[in-house]
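Chains P and S supply the protein sequences, listed in that same order. Everything in the first sequence is counted per the numbering used here, starting at 1 for the first residue and increasing by one. Everything in the second sequence is counted per the numbering used here, starting at 1 for the first residue and increasing by one.
These are computed hints drawn from the structure, not numbers from a lab. Only a predicted model underlies this, so the values are computations on that prediction, with no experimental measurement involved. Glycine included, each C-beta is placed from N, C-alpha and C at the ideal position. It is possible that some hints are incorrect.
[Unchecked claim] With beta-carbon atoms standing in for the labels, derived distance ranges:
1. P:M113 - S:S239: 22 to 30 Å
2. S:L174 - P:M113: 12 to 20 Å
3. P:K117 - S:E110: 40 to 48 Å
4. P:D27 - S:L195: 22 to 30 Å
5. S:E110 - P:M113: 44 to 52 Å
Here is how the chains run, residue by residue.
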Amino acid sequence: MASILAVDDSASMLQMVSFTLKGAGFDVVEATDGQHALDVAKTRNVDLVITDVNMPRMDGITLIGELRKLPSYKFIPLLMLTTESSPEKKQQGKAAGATGWIVKPFNPDQLLMTVKKVLG
Amino acid sequence: MTIDMAQFHQVFFDESFEGLDVMESGLLEMDPGSADPEQINSIFRAAHSIKGGSGTFGFTDIADFTHVMETLLDEMRDGRRQVTTEGVNVLLASVDVLREMLTATSEGAELNPERVKVQKADLDRLLAGGDAPSTAESAGSEDEIAPSAGDERAGWHIVFQPHSHMMRTGNDSLRLLRELESLGDLTVTVDTESLPPLSDLEPEDSYLSWDMTLTGDVSQDQINDIFDWVEDDCDLSISSLSSEPAASPVAAETRSESEQQTVAIDVPATAAQSEAASGEAKKSASSSGASSIRVDISKIDALINMVGELVITQSMLSMLGEDFDISQIERLREGLAQLERHTREMQESVMQIRMLPISFTFSRFPRLVHDLSTKMGKQIELKMTGEATEVDKTVIEKIGDPLVHLVRNSLDHGIELPEDRVAAGKSEVGTVELNASHRGGNIIIEIKDDGKGLNKEVLLKKAIEKGVVSPDAVLSDQQIYELIFGAGFSTAETVSDVSGRGVGMDVVRRNINELGGSIEIQSEVGVGSSFVIRLPLTLAILDGQTVSIGSEMYIVPLVSIIESIQIKQDMVNMLAGKGETFKLREEYLPIVRLHEVLGVKDAKAKEINEGLLVVVEGEGRRCGLFVDDLLGQQQVVIKSLEANYKKIDGLSGATILGDGSVALILDIPGLIRMAGNSPTDYDTGIRKTA
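Input sequences plus hints: build the corresponding full structure.
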């Protein structure tokens with residue numbers, strides 16, 4: 001089964017995302033901020049990254065930019081979890097190399113739908 | 001798949017309340033005009049997380065409310081909006097409302113919708129009035145696009161030309177085509193014209209483009225959805241087969257906003273939880289009861305360490321006892337001394353567990369001072385020191401309200417308006433200091449302001465008007481200041497909603513006395529006032545002076561004792577109807593003959609020169625307690641009389657002495673009240689006989 005790196009500084013959101021994905025049979029690795037996620041990403045490969053945008057230490061957009069520099073993360077889907085309806089945030093994310101975004105609030109079904117779509 | 005979202009709620013509430021604290025302290029530290037972007041960012045992040053979580057977990061009203069706050073903060077963060085005092089204040093008030101909303105939601109309680117509405121209106125007004133692009137624009141655009149959810153049923157002509165880098169965003173053209181195919185009948189023509197010769201081909205780039213016809217019951221929104229992520233990474237044209245091409249990119253851009261509006265409604269909160277889910281569900285952190293206490297692990301370690309020492313001493317003593325002879329008396333004494341030391345240290349360690357830093361109480365004041373000073377149009381700086389001073393948990397719980405009252409008083413009555421301060425030659429910024437410290441086995445909390453000070457004439461005039469003091473009474477400064485502790489005594493010329501309701505200072509003193517403490521006032525007109533609260537370190541143990549009356553022993557709390565003196569009969573004055581008084585440094589104090597009050601038959605000292613007068617103070621009044629003799633000073637463990645027997649006037653409790661006998665602890669304020677009967681009588685009583 002595909003493995004997913006979930007990144008969020010909010011414990012409740014991370015729990016929800018992780019729980020939903022695990023429930024659907026995915027292998028989930030958790031990280032609590034961008035820096036943490038980047039450290040994790042350097043030690044292992046995953047099939048998809050889902051990251052929050054606003055986080056301490058390293059935000060999601062910087063994380064996406066950094067991940068794209070890693071050879072094994074060059075083409076894998078990187079999704080942002082964002083409440084930002086403003087187009088700039090999405091564009092910044094895109095410019096950094098994000099595949100797409102999931103707009104908060106979302107429910108577990110929507111999350112799974114998107115993940116399955118991206119993973120084919 | 002059904003997931004019970006409720007299992008994440010507790011974690012969400014916990015982190016949200018933490019977030020609110022971050023927002024509040026961040027806002028309080030924010031300097032209007034020159035705010036630190038990183039600071040705003042941390043406040044923004046907290047708001048952002050609350051919004052995201054609340055939307056996801058189905059608390060849409062919280063999400064909506066936080067959204068407006070977030071928008072404001074976002075504009076401040078980007079520098080699009082000035083950080084103004086008004087902005088900070090509205091945000092602070094919103095933090096309060098948000099806290100209420102979260103509390104109500106977490107407790108399943110009713111929410112006051114009116115309050116939320118009013119605050120939201122404030123936020124909206126601020127947002128609209130700002131120099132930044134208001135939400136009105138985006139709201140308008142949402143309205144506009146709503147009808148554009150096309151009713152074109154016939155079909156669509158789509159030309160999709162990915163930019164060369166699209167693959168590097170993790171977006172695969174094939175996935176998009178597959179998704180389109182799932183909507184209806186798709187006819188695809190691939191354009192390979194831009195495909196270079198193999199030698200020039202960059203494997204990571206996209207070269208192909210597609211011309212497609214999609215027929216079926218498909219709306220333009222559905223197609224926009226699919227291309228949402230790549231709209232900037234491709235050239236895309238979507239046109240209806242039956243009409244002229246629509247301006248698709250604009251519609252695509254605004255789509256996500258309209259989706260956000262609708263998604264918020266259908267977040268499920270399924271009650272049923274599947275077995276698989278419950279197995280993996282993380283137990284939500286249960287809210288701890290009010291009677292529990294968080295203890296620093298080092299305190300527990302110290303206690304365990306002490307128990308270890310005690311065990312060693314105990315085994316040493318029991319070995320000694322097995323074959324004891326008189327030659328070992330020295331070792332026995334040593335052992336006992338060690339036992340005593342360990343017992344005392346352990347007692348201190350146990351007491352430490354109940355101790356919390358006073359910052360628990362102090363932390364609310366920056367906000368309070370900020371809010372009130374804004375409301376009153378004053379400029380006030382709050383300085384706090386000694387926040388790490390540890391006090392008993394009960395003290396923390398009970399000292400909060402009195403402190404709030406005193407600080408409010410300093411702000412309202414003490415600190416003057418900026419223009420008055422300048423006129424008086426002071427800095428226009430007033431200062432209120434809040435200090436806590438340990439001093440000689442007591443906790444001292446001082447509330448000090450550099451305001452106008454207490455006006456003795458006004459106080460006295462008011463007291464005479466109210467009949468609290470007789471017109472010809474001559475009172476010491478301290479006695480005049482004490483008047484403000486009288487019930488119903490307020491000198492504020494106009495009653496404000498900040499203070500001055502006249503119900504408070506008496507309660508302040510009563511609460512402090514209930515904690516076994518005292519309060520003292522120092523003031524100088526034009527310079528400022530200072531209220532000094534003295535509290536015992538702990539409420540379970542009392543530093544006491546043992547006094548004897550006949551065969552009985554009583555404990556006088558050391559904190560109440562001023563001095564002990566012996567006087568001669570000729571120093572005693574009889575005041576008409578008031579009994580005995582004696583003169584101590586220009587002050588006439590009533591004499592309380594304890595053996596009479598307490599009904600001790602075998603008192604040795606009957607004449608005033610045979611015994612001692614212990615001068616004590618309680619609730620700002622003094623008197624002399626007539627006793628036979630002073631014995632030792634010792635720490636005593638307070639046992640409640642009420643719990644074990646019944647409440648007795650003049651006694652606050654009992655204790656067991658080292659020899660096993662019971663001694664009663666005197667209630668000094670109570671005894672003084674008994675001696676004076678009523679404040680009026682008492683204050684008349686201390687009138688100086690000119």
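Right, here's what the structure says about each hint:
P:M113 and S:S239 have their C-beta atoms about 28 Å apart, which keeps the hinted 22 to 30 Å range intact. Between S:L174 and P:M113 the Cβ separation comes to about 18 Å, which falls inside the hinted range of 12 to 20 Å. As the Cβ distance of P:K117 to S:E110 is approximately 41 Å, the hint placing it in 40 to 48 Å holds. For the pair P:D27 and S:L195, the supplied restraint of 22 to 30 Å is violated, since their beta-carbon distance comes to about 37 Å.
In this structure the hint that S:E110 and P:M113 lie 44 to 52 Å apart at CB is violated, the actual value being about 36 Å.
The structure does not agree with the numbered hints 4, 5 stated previously, though it agrees with the rest.
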